[in-house]
Amino acid sequence: MNKIYIYHHLGLGDHISCNGIVRSILKKNKKTNIFLFCKKPLTDLVKFMYRDKKNIKLIPIQTKGKSEKEYSDKIENYLRNLKKKHKIIKIGFENFNKIYNQIYSYNNPVTYDMIFYHQLNLSYKKRFSECFWKRDYKEENRVFKKLTKNKKRKYAFIHDDPKLGYIIDKKFVSSGLEIIKNDKNENIFHMGKILEKAEELHLMESSIRNMSESLKIRSRNINLYIWRRRKISPIYSPKLKKVVGSQKNWKIIFMNPKQKNFKFFFMNSVLKLRFYLLGILSK
2 MNKIYIYHHL
12 GLGDHISCNG
22 IVRSILKKNK
32 KTNIFLFCKK
42 PLTDLVKFMY
52 RDKKNIKLIP
62 IQTKGKSEKE
72 YSDKIENYLR
82 NLKKKHKIIK
92 IGFENFNKIY
102 NQIYSYNNPV
112 TYDMIFYHQL
122 NLSYKKRFSE
132 CFWKRDYKEE
142 NRVFKKLTKN
152 KKRKYAFIHD
162 DPKLGYIIDK
172 KFVSSGLEII
182 KNDKNENIFH
192 MGKILEKAEE
202 LHLMESSIRN
212 MSESLKIRSR
222 NINLYIWRRR
232 KISPIYSPKL
242 KKVVGSQKNW
252 KIIFMNPKQK
262 NFKFFFMNSV
272 LKLRFYLLGI
282 LSK
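Residue numbering for the sequence shown follows my numbering, beginning at 2 and increasing consecutively.
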């Protein structure tokens, strides 16, 4: 049996957004074993996501530290030492800035995962149509009951990270709603029901936002705070008059309540200049 090695960016959000890529490749190579690299701490979550496909196999990578360079060096070394020549698919990395610079414009804004699909000549629609994981509704119900203390009260779900300084101010939440936050002790794929049933969503850019793209979100009041990871999050295009990089109609919040919009727009301009210069240098 042939083998395909897939090496894409290694965050959990990356695994979710590239789910459609991995499954699209598998559809065209049904009798092939696909080997996917992942960080060892994420092994159980990624394995859960692909547990319906026996020929998607994981290669967990353990490093002494947490730097991306350590992971990259270890994976590149693994690929160099393969005894047989197998197909290797690398997504993103050194090609990312070059492709971004080639296709990004005011009339054609793109997000990081759009570039992943563009790189493989796949329609970005497959990001959503092919993304799948077998849901465990029993576990989702357990988590739902655990987190919703008042069964009759409507709630807003907030995902932020106060320990890292990423705080979503409760002022953004409609009055009268119970506030439920992410439980880091739970498998995030078991949070599906709690996200779908929320009256409001208030999410920072994260793996949970990526996951919610494939859920049947009931609420129309869904808010995405992009003062974190703004360069990889969905964006609102004034030209196209829609959110790009998502199939949800997110209300994009550009700032922490204690900061002014100017800071976001300034940093976003610096980011675009950086991509432009890196794109030129990579030619």
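Among the hints, a few may not be true.
The list that follows gives simulated cross-link-like pairs (lysine-lysine, DSS-like), each with its CA atoms no further than 27 Å apart [to be verified]:
#	residue 1	residue 2
1	198	152
2	85	54
3	217	172
4	185	139
5	75	58
6	85	55
7	91	41
8	58	85
9	55	28
10	32	65
11	54	65
12	84	70
13	91	135
14	4	139
15	99	198
16	171	217
17	29	88
18	32	152
Hints are computed from structural coordinates only; laboratory data are not their basis. Values in this document were obtained by computation on a predicted structure and should not be read as measured data.
Honestly, which of those hints from before does the structure not fit? 10, 11, 14, 15, 18
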